[in-house]
Amino acid sequence: MSKSILEVDGLSKVYPDGQGGDLTVFEDVRFALEKGEFVCIIGHSGCGKSTILNVLAGLDEASSGNVVMNGKEIKGPGLERGVVFQNYSLFPWKTTLSNITFAVRARWPQWSKEKVREHSESYLKMVGLDHALRRKPSQLSGGMRQRVSIARAFATQPELLLLDEPFGALDALTRGVIQDELVKIWEETRQTVFMITHDVDEAILLSDRIFLMSNGPNARIAESVKVDIPHPRARATIFQNPAYHKTRDYLVDFLVNRSGGALPEEDGSPKFVEPAKGVASPQAAAAESAAKAVNG
Amino acid sequence: MASLNVRAALLSVSFLIVALGLWEMATQPPEAQTGLTEYERMMGGVEQESRVPPPSAVLRLAWEELSDPFYDAGANDKGIGIQLAYSVYRVLAGYVAAMAIALPIGFLIGMSPLMYKALNPYIQLLRPISPLAWMPLALFIIQDSDASAIFVIFICSIWPMLLNTAFGVANVRQDWVNVARTHELGPMRTALTVILPAAAPTILTGMRISIGIAWLVIVAAEMLVGGTGIGYYVWNEWNNLDLASVIFSILMIGVVGMLLDLALGKAQKLVEYKE
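Chains A and B are the protein sequences, given in the same order.
In this text, residue positions in the first sequence follow the numbering used here: the first is 665, and each later residue adds one.
In this text, residue positions in the second sequence follow the numbering used here: the first is 663, and each later residue adds one.
Please note: incorrect hints may appear among the correct ones.
[Claimed, not checked] Which chain A residues stay away from chain B? Per the calculated CB distances, all over 10 Å, these:
(1) D681
(2) D872
(3) R922
(4) L927
[Said to hold, decoys possible] With a Cα cut of at most 27 Å, we get these calculated DSSO-like pairs of lysine-lysine:
(5) A:K699 / A:K800
(6) B:K931 / A:K800
(7) A:K800 / B:K928
(8) A:K758 / B:K779
To be clear, the hints were calculated from the coordinates, so they are not data collected in a lab.
Keep in mind that this is a model prediction, so the values were computed, not measured.
Beta carbons: idealized from backbone N, C-alpha and C, even for Gly.
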C-alpha cells in the first residue's frame, strides 16, 4: 500500500445540547486515506458525517483530535483540499465558465488569462457542459449545476477531494448519469476522494473502501469495508460481479441491524472487512443466512 | 382583444382626460353677471376670491417654462431647469457623501457582529430623527446654507443604505463564503468578489430607498434655506400667488423623482441575480 496522505486521529465533536449538558456527536474517529483512493462514508443521519467532512475541509473545528495531511496538521481551509457541496454552491451572478475560472485563478494566480480559460474549458468539456459556458447557474438544471460544481473541484486539482453527498438533491436518473461521469473522471485523474453518501449502490460503484459509521450520539467509524471489484467499473455491468452482491448484503445488514452498537477495533481504528472473501464476523454470518432465507 | 398593456394605456389616458376635464370645469370663472356695480367693474368682474388655475393655464405656463428652462434673469427669476439642476446637484452631493460613509460602515457592521452590537444603539437613536431637525445645528456649525442643505440630504440618505448594506452583507449565504474560504481568497478579495456581488441587490434596494427620501427632503430643505432650488422655487411662487407655477413645479418634482427612481431601478436590474 502507498503512503497515507491523510491521517485522522481521535477526532470528536461535542455540542452543547441546549439543556446545560453536552452532546457528543461522534468520538475517537480514526482513519487514514491512501493516495489515489476513493473512500465513501455511510451512516444514518445525525452520526456527524458532514461534520467530519467539514473538519477535513477546514470549515469546522473538531472538539478534540487532529487531522494531518502530508505530515502537516490541517488548520483552516486550503486549496489542496477541494470541496463539492450538496447544494452546488455556485455563484449565481457568474456564468458557468467564470465559476470555474474563478477557482482556477485562485489556484494558479500566475497563469495567463488564456491558460486559465483553456484549463477551465477542458474540465467543463469533461462533464459535457462545453455548450453552456455562458449560461448562469439559474439557467441550468440541478444535474448540470452539480456537474459545474464537480468540474470546479476537479479543475483545481486538489490532493484531496471532499464530496458532501453531491447527488443527494438529484433525481435517480440524473444521479445515475452523473455517477457514471464521476467514475470516468476519477479513472482519468485518480484523485484521492472522500465522499459522503446515503446510497449503498452509489458507494459500491465508486469506492475502493467504504467506512461504516455507527449511529450518533457517540458515533464511531466502526468498519472499513473493502470493495473488491476491479476498475474500470460501470453502473450497467457492476452488478454482474459476485463481489457486488456480497458487499451490498454486508452493507445493508450493517445499516439495518448492526449500526446501533457497532464498535471499531480496540485501538480505535475501524475493523477492516472484506465481504467478497467471505464473512468477517459471526453476527454478519447469522444475518447473511437470515437474508438468504428471506431471499430464497 | 388588445394586449393588457394597450388596454392599460387606454385606461390611463381616459382617467387623465376625465380628471383634467373635471378640474377644468371646476375652475371656470363664473359667468359675468349683468348689472355689475361700478366697483365690481373696476375690480375686473365678480372674482372676489382667487381660484386654483385651470389645467389649460398650467399647460400654457408649462409650455413657456419648458421652452426656455435655463434662463437666468436675476435672483428671483430663474428657469425651472436651473432650479431643478440646483436641487439635483444638492441631492447627488449629499447622496454620494452618504454612500462613501454608509457602504463601508455597512460592510463593517454586516461582517462583524461585535461592531453591529456596538453601533446599533446609535443607529437606532439617530435614524428616526427628521432630517430637517438637523438644519439649525447644521446652519450654526457649517455657516453655509447650501452646504447645510447638502448635509441634511447626507444625513437622511445614510440610514437606508447603511442598514441595507449591513443586512445584505450579514445574510450572504454561508455556502458562498465557504467556497471563498476553500479557495483561500483573502479578506479583501472575498469582500469584493463574493460578498459585494452577493449583497449587491440588497444594497441597491437601500440606495433606491435613499434617493427617494433624499428627493422628498430636498424640497423641504430648500424651502427653509432659500436662494435656489426647486423647493425654494415652489415657495417663492406661492409668495407671488402664482398658483399655476406652483402646480407646474409640483409636477416637475414628481417627474424628476420618478427619473431618479428609474435610474436606480436600472442599476438594481444590473446587479440582480437569480438563484
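Outcome of the hint check:
1. D681: holds (23 Å)
2. D872: Since the minimum Cβ distance to chain B is about 24 Å, A:D872 lies beyond 10 Å and the statement holds.
3. R922: holds (34 Å)
4. L927: holds (33 Å)
5. A:K699 / A:K800: The hint is violated at about 35 Å.
6. B:K931 / A:K800: Roughly 15 Å separates the two Cα atoms, so the pair holds.
7. A:K800 / B:K928: At roughly 20 Å apart (the allowed maximum being 27 Å), B:K928 and A:K800 satisfy the hint.
8. A:K758 / B:K779: Distance of about 33 Å is beyond 27 Å: violated.
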